[in-house]
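Take the sequences, apply the hints, and build the full model.
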Amino acid sequence: MTALADMSGAIMPNRRGWLGALSDHFWRRPGLLIFLMLLPAILWLGIVYLGSLLALLIQSFFSIDEFSGLINHEFTLKTYAELLKPQNLDIIVRTVMMSALVTIASAIIAFPIAYMAARYARGKWKALFYLSIMLPLWASYLVKIYAWKLILAKEGILNWLFEQLHLTWLLEAWLAIPVIGGNSLSISYTGTFLVFLYVWMPFMILPIQAAIERVPTNLLDASADLGATPRQTFWKVIFPLTLPGVIAGSIFTFSLTLGDYIIPQIVGNSQFFIGQAVYSHQGTAGNIPLAAAFTVVPIVIMGIYLWLAKRAGAFNAL
Amino acid sequence: MKRIIRSTAALLMSGLSCGSVLAQDMLQSLGAGEGEVSIVAWAGYIERGETDKNFDWVTKFEADTGCKVSVKTAATSDEMVALMNEGGFDLVTASGDASLRLIAGKRVQPINTALIPSWSTIDPRLESAPWHTVDGVHYGTPYVWGANVLMYNTEVFKDAPPTSWNVVFEETTLPDGKSNKGRVQAYDGPIYVADAALYLMTHKPELGITDPYALNEDQYKAALDLLRVQRTLVGRYWHDAFIQMDDFKNEGVVASSSWPFMVNVLKAEGAPVASTFPAEGTTGWADTTMLHVDSPHPNCAYMWMEHSLSPKVQGDVSAWFGTVPSVPAACKGNELLGDTGCATNGADDFEKIRFWRTPTTKCATGECVPYYRWVSDYVGVIGGR
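Those protein sequences? They're chains S and F, same order as listed. Our numbering numbers the first residue of the first sequence as 1 and each following residue consecutively. Our numbering numbers the first residue of the second sequence as 319 and each following residue consecutively.
If you are wondering where the hints come from, they were derived from the structure by calculation, not from laboratory data. One should not assume that every hint holds.
What the hints assert, rightly or not - Distance condition first, Cα-Cα at most 30 Å in a straight line; then the derived DSBU-like pairs of lysine-lysine:
1) 476/F / 386/F
2) 630/F / 378/F
3) 154/S / 496/F
4) 496/F / 371/F
5) 390/F / 144/S
6) 371/F / 154/S
7) 85/S / 499/F
In structure tokens:
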């Protein structure tokens, strides 16, 4: 390598000026250039991302002293045992259930929309489709949630609509169901679920649409030619080929629901989700270990989820 | 050798104590302003007319003193303590839980009341309040204070405003003939456990609660049990002032603990609400303007403290935030606050208010339940456990 570098120096005179010298230097050592270009990214990933994650992980192995409220900087699994207390387990189960339901529901609703956008919309209509899917993402997240709170309120537009349709009894029957019911839609899990569903929907539609667009039409024609009914074509051809897209979308909806702490605070019956628990245990409470342990939960769940998704080939559809 | 060590230690000790005496030393005379002053404050506490041009108590101060005011807003007491520990600021508007921590951590310095002419105008009830005065030394000037009042719907309660917190703690029939179930709210912060304890002070005297922020295991358990009953009545806990206002307007909520701020805003919008101080008393907060121990601009800081006590500023802040001025003169003749503003915000109920403090393990009665347990248990209560 050095010999080669010397040779090139011998064949051509070194370029003048520091820029030229720098350029020569990089030409002789291509590895250095790549290293310098990667350095910011490595630093970002290493220090900001993995570093903070590691700091968090370490915190979760400390514990809080029962009497003084001070942090005990010794390795212990006590904080994780704390997670298994019924009230904390409730929070985890609640959050995971909500994430799973939101994911399943958004996949069911997103699929036909994505299918329409990918297969039938053309030209102007296609642009309109994209626009209407993306539009909610442009408005402020908080504004949307506040708007939904008003829509779902006891004296909100949805209640009014039910009243006009003489269907108030239906709504009341629904709200009388334990767990998912409540005083009004905005004070129930149903409301929280609807808002989650709305807010994360674009993240499900777009990957599915990308996946559907990649299914070659001749496969569908072949399926029809060979006598398959539309239903069979869907389940045997389209669905398996677009499944990675659905899984890719579900990664977004699942993880976003898992981590959100603003929606359940504004719409719902105040029962905590993981994000809110983290928020309240740090701060004045000073129970950083428990907050950290709570944060590890979605990381672990997402780790398992991503591993399964990778096996299903979802990353090719992103 | 031993003697050398001993004498060095003695020297060191004397040096240290000398240092602490110096640190205790306060400014003796005011010099010229340094041209700027930086303040850590709650959002809305230092307004320069940018939100509403009627609410401006900075511009004139800057013109008069030449001290440019820069404000760093903080959302929680913890943020305030963290910022003050970091340093570089002159003043902080600290609440009762932060102020004592700052004094204990020696992040703030005692103030020389002789340099603040308006000190004599301060409400005598606040002059030596325990959240800014330790061992007779004053560590700041009172800013404003307020109470967590009981807000109620005047159409439901008509001429008989609720006189007790029981409307939010126990299932009862309200004057409109319907149950209070699903129509009341409570604050979702763990400090609300103190409100339950305050209620029990009157209704279960056998528990022997003397201070709602210092509860032993039995008293604490009783408070949690009361809160569990409350959970069955509350549809949603409130956290954000604007969401609570919306719930009063659109969700059929008719009674809740609240701040005068929400009451004032809702009244201004024409909503049928009013507030009251129930017989059990209320919890509340009181803020103090404190001076950083290494304040880079002490002269301007003193000028601001003096300015912050002027009736105009006190009245304007109180009108803006729904608080009570620390200077009684501010209650009269302030255009924004009005002559009844102080009474509405709770000026006459000072004795009934238990000001906010962080519960700690060490307390007057021996051992108490610390705040972090309030947090984890209150999470459980809200979760239905």
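Status of each hint after checking the structure:
With a CA separation close to 50 Å, the supplied pair residue 476/F and residue 386/F exceeds the 30 Å bound. Under the criterion of a C-alpha separation no larger than 30 Å, the hint pairing residue 630/F with residue 378/F is consistent with the structure, at around 11 Å. For the hint pairing residue 154/S with residue 496/F, the CA-to-CA distance comes to about 17 Å; that is within 30 Å, so the pair holds. Pair hint residue 496/F plus residue 371/F does not hold up; C-alpha atoms about 44 Å apart against a cutoff of 30 Å.
The suggested pairing of residue 390/F with residue 144/S holds, with an alpha-carbon distance near 29 Å, which does not exceed 30 Å. Note on residue 371/F and residue 154/S: the hinted pairing is violated, with a Cα-Cα distance of about 36 Å set against a maximum of 30 Å. Proximity of residue 85/S to residue 499/F is assessed by CA-CA distance (about 29 Å); at most 30 Å being required, the pair is judged to hold.
In terms of the numbered hints stated before, the structure departs from hints 1, 4, 6, listed from lowest to highest.
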